[in-house]
Amino acid sequence: MAVEERDPVSGYLTTGHEWNGIKELNTPVPRTVVFLLWATFLYSVVYWILMPAWPLGVTYTKGLLGIDQRNTVAEQIKDAASDRTKWSKLIDTESFEAIQADPKLMKIVRQTGATLFGDNCAACHGRTAEGGNGFPTLVSQAFLWGGTPDAIAETIRVGINSPHKDSRTSQMPAFGRDGMLKREQIDDVVDYVRSLSNPAVAKAIAPAKLASGKAVFTDNCVACHGENATGNIELGAPNLRDNFWIYSGGAQSVFTTVWGGRQGHMPSWDSRLSALDRKILALYLVNLRAAGP
Amino acid sequence: MGLFGLHYKLERKTMSLAIGIIIAASIGGLIEIVPLFTIHQTVEDSPDMRVYTPLEIAGRNIYIREGCYACHSQMIRTLRDEVERYGPYSLAVESKYDHPMLWGSKRTGPDIARLGGKYSDEWHVKHLTNPRDVVPESVMPPYAYLTRAKARIDDLGLHLAALRKVGVPYTDEMIANASNDAYGQTTPDTPFAEGVTKRYGEATNVRAFDGQPGEPTEMDALVAYLQILGKLTDAAHKAKTAAAGE
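The listed protein sequences derive, respectively, from chains A and B.
Sequential numbering from 1 applies to the first sequence in the numbering used here.
Sequential numbering from 1 applies to the second sequence in the numbering used here.
A couple of the hints might just be wrong.
SDA-like cross-link-like pairs, simulated, lysine to any residue; straight-line CA separation at most 25 Å [unchecked claim]:
no. : chain 1 : residue 1 : chain 2 : residue 2
1   : A       : K104      : A       : S274
2   : A       : K165      : B       : A193
3   : A       : K62       : B       : L30
4   : A       : K62       : B       : L36
5   : B       : K96       : B       : G28
6   : B       : K165      : B       : D45
7   : A       : K62       : B       : G28
8   : A       : K62       : B       : Y97
9   : B       : K231      : A       : V34
10  : B       : K13       : A       : N228
11  : A       : K89       : B       : E84
12  : B       : K238      : A       : N228
13  : B       : K9        : A       : S10
14  : B       : K96       : A       : P52
15  : A       : K62       : B       : F37
16  : A       : K165      : B       : G116
17  : A       : K182      : A       : T137
18  : B       : K231      : A       : I77
19  : B       : K106      : A       : T115
20  : A       : K182      : A       : F217
21  : B       : K126      : A       : T137
22  : B       : K231      : B       : Y97
23  : A       : K89       : A       : I77
24  : B       : K9        : A       : E5
25  : A       : K62       : B       : I27
26  : B       : K96       : B       : A239
27  : A       : K209      : A       : L235
28  : A       : K62       : B       : K106
29  : B       : K96       : B       : A70
30  : B       : K126      : A       : E5
31  : B       : K96       : B       : C71
What the hints contain is simulated information worked out from the structure, not anything from laboratory work.
All chains, please: the whole structure from these sequences, using the hints.
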């Protein structure tokens, strides 16, 4: 360090480097920076003592505060649940009718239900619950498995054609592909089925064809869809006289249904949503349907 | 000198400075990564955990190829809002057989760590074909060509063998039958399907994921993978029940 010398003007030492007669000052690190550096060192030492920090071979230091994110989140969720007990207990224990008769509870059902529906159901049934091709609307009267709050809650719990052990199961057979009906028979029954809900179709089709379609219907379809084609909620068979169609009521779509069969799937929410959540959703849907599309 | 004395001396000697830099830069890795190899508590035990089937591996490879991880995370954090929306937070053991892991770090779309079984196969096919058909406000690109593309299943045995090298417990039988099992998983009620159930367990999803039984398409493979997300083990659900019982 013999090259260092003191700069006569500033009083600082120089580094000993010289460029064309200019010498570089070795200015000390500002006090603020040094202070902050020590402060961060000190902070980390305190942090090591209080929080989980250092690895020790097969374990690690747990810290004096005993903080564990998993416990923290478990507590937050418990707190949130206890904040809700004011109304969640009522919804849990009261009957559907009693809750529906209580405007305060129904307001909560609408608010909580909208969030639950958006997170879980909207992907298939749509944000407005009006469904889409292949996914039934939930704002109409046409619930395949019954539209009472009880029936809806049960459908949400077990699902339809789901792997749940109590799942509701239903399948429209493939009358064409599996050779149960001939092509002409299918054409006739498609016309007949469409005529039930659509007067324009009923007018346009020859009465002889309708009669033949009706005969095919009586022989093959009444077991599930009923004598009057009004469906059966025990079997999840849709009413064919109303104007609600899961797969659209066009000739092509109905033909595809009769030819290749249908089997829709709704997942079971038994393990994903709590009984309370499912009850709220059932009430939410009944409320939505009452409000109309 | 004081605080900066050592540095003042070091910076004048290149070799010592280089060694000093290497030591300083490796501290983070040494302290944060290496201990994970010895600390058993970092990965939970889950003896019932099952492995991905060959078809699910094919789907996983498509997931990686299409860059799905760029917009979807597979990591539910220990935060109240995430647990209430998506389900129990992710555990380390759930990614035990993921090579590479696909936790992701960005959510343009939702987290899908617990997607398995949440929606029907039909929904997945419709959604991947054109997301806006089922979710009008979606910004996800369509992947309609997956239905037309035959999944490559002839090399799945090699994929399984490679995964075994890094610790996934595939048996010789699984590796030898990988291609047949991929075919069988989309063709229910055949001897091929029975092989899948025998080797991978009764709970394995065996069905025509894209609606067409037989030769698996890339759609079959991807949907099979999406339907198993979060279902390899129920350790996370058990941990949740245990925490609630405290």
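We went through each hint and held it up to the structure:
1. Restraint check for K104(A) and S274(A): satisfied, since their Cα atoms lie roughly 22 Å apart, inside the 25 Å limit.
2. Simply put, K165(A) and A193(B) have alpha-carbon atoms about 21 Å apart, close enough for the 25 Å limit, and the pair holds.
3. Taking the CA atoms of K62(A) and L30(B), the gap is about 19 Å. The hint holds against a cut of 25 Å.
4. As the CA atoms of K62(A) and L36(B) are separated by approximately 15 Å, the hinted pair is consistent with the 25 Å bound.
5. Among the hinted pairs, K96(B) with G28(B) is consistent with the structure: their alpha-carbon atoms are about 23 Å apart, no more than 25 Å.
6. With a CA separation close to 21 Å, the supplied pair K165(B) and D45(B) stays within the 25 Å bound.
7. Distance check on the hinted pair: K62(A) and G28(B) sit about 19 Å apart at the alpha-carbon level, within 25 Å; holds.
8. With a C-alpha separation of about 28 Å, the suggested pairing of K62(A) with Y97(B) is violated against the 25 Å cut-off.
9. This hinted pair does not check out: K231(B) and V34(A) have alpha carbons roughly 53 Å apart, beyond 25 Å.
10. Under the criterion of a C-alpha separation no larger than 25 Å, the hint pairing K13(B) with N228(A) is inconsistent with the structure, at around 97 Å.
11. Distance hint between K89(A) and E84(B) is fulfilled; the C-alpha atoms sit about 18 Å from each other, no more than 25 Å.
12. For the proposed pair K238(B) and N228(A), the alpha carbon gap of about 50 Å is over 25 Å, so the pair is violated.
13. The suggested pairing of K9(B) with S10(A) holds, with an alpha-carbon distance near 24 Å, which does not exceed 25 Å.
14. Restraint check for K96(B) and P52(A): satisfied, since their Cα atoms lie roughly 23 Å apart, inside the 25 Å limit.
15. Taken as a hint, the K62(A) and F37(B) pair is honoured in the structure, with Cα atoms around 18 Å apart against an allowance of 25 Å.
16. Between K165(A) and G116(B), the direct Cα distance comes to roughly 17 Å. Compliance with the 25 Å bound is thereby established for this hinted pair.
17. Note on K182(A) and T137(A): the hinted pairing is violated, with a Cα-Cα distance of about 32 Å set against a maximum of 25 Å.
18. Pair hint K231(B) plus I77(A) holds up; C-alpha atoms about 23 Å apart against a cutoff of 25 Å.
19. In summary, the hint linking K106(B) to T115(A) is supported, as the alpha carbons are separated by about 23 Å, within the 25 Å threshold.
20. Using a Cα cut-off of 25 Å, the hinted pair K182(A) and F217(A) holds, with the two alpha carbons roughly 13 Å apart.
21. For the hint pairing K126(B) with T137(A), the CA-to-CA distance comes to about 17 Å; that is within 25 Å, so the pair holds.
22. A threshold of 25 Å between alpha carbons decides the hint, and for K231(B) with Y97(B) the separation of about 13 Å falls inside it, so the pair holds.
23. Between the alpha carbons of K89(A) and I77(A) the distance comes to roughly 16 Å, so the proposed pair stays at or under 25 Å and holds.
24. Between K9(B) and E5(A) the alpha-carbon distance is near 17 Å, which keeps this suggested pair within the 25 Å criterion.
25. As the CA atoms of K62(A) and I27(B) are separated by approximately 20 Å, the hinted pair is consistent with the 25 Å bound.
26. Restraint check: the Cα-Cα separation between K96(B) and A239(B) comes to about 17 Å, which is no more than 25 Å; the hinted pair holds.
27. Taking the CA atoms of K209(A) and L235(A), the gap is near 29 Å; set against the 25 Å cutoff, the hint is violated.
28. Restraint check for K62(A) and K106(B): the C-alpha separation of about 30 Å exceeds 25 Å, so the hint is violated.
29. Among the hinted pairs, K96(B) with A70(B) is consistent with the structure: their alpha-carbon atoms are about 21 Å apart, no more than 25 Å.
30. With a CA separation close to 79 Å, the supplied pair K126(B) and E5(A) exceeds the 25 Å bound.
31. Under the criterion of a C-alpha separation no larger than 25 Å, the hint pairing K96(B) with C71(B) is consistent with the structure, at around 22 Å.
Consistency with the previously given hints fails for numbers 8, 9, 10, 12, 17, 27, 28, 30, ordered from lowest to highest.
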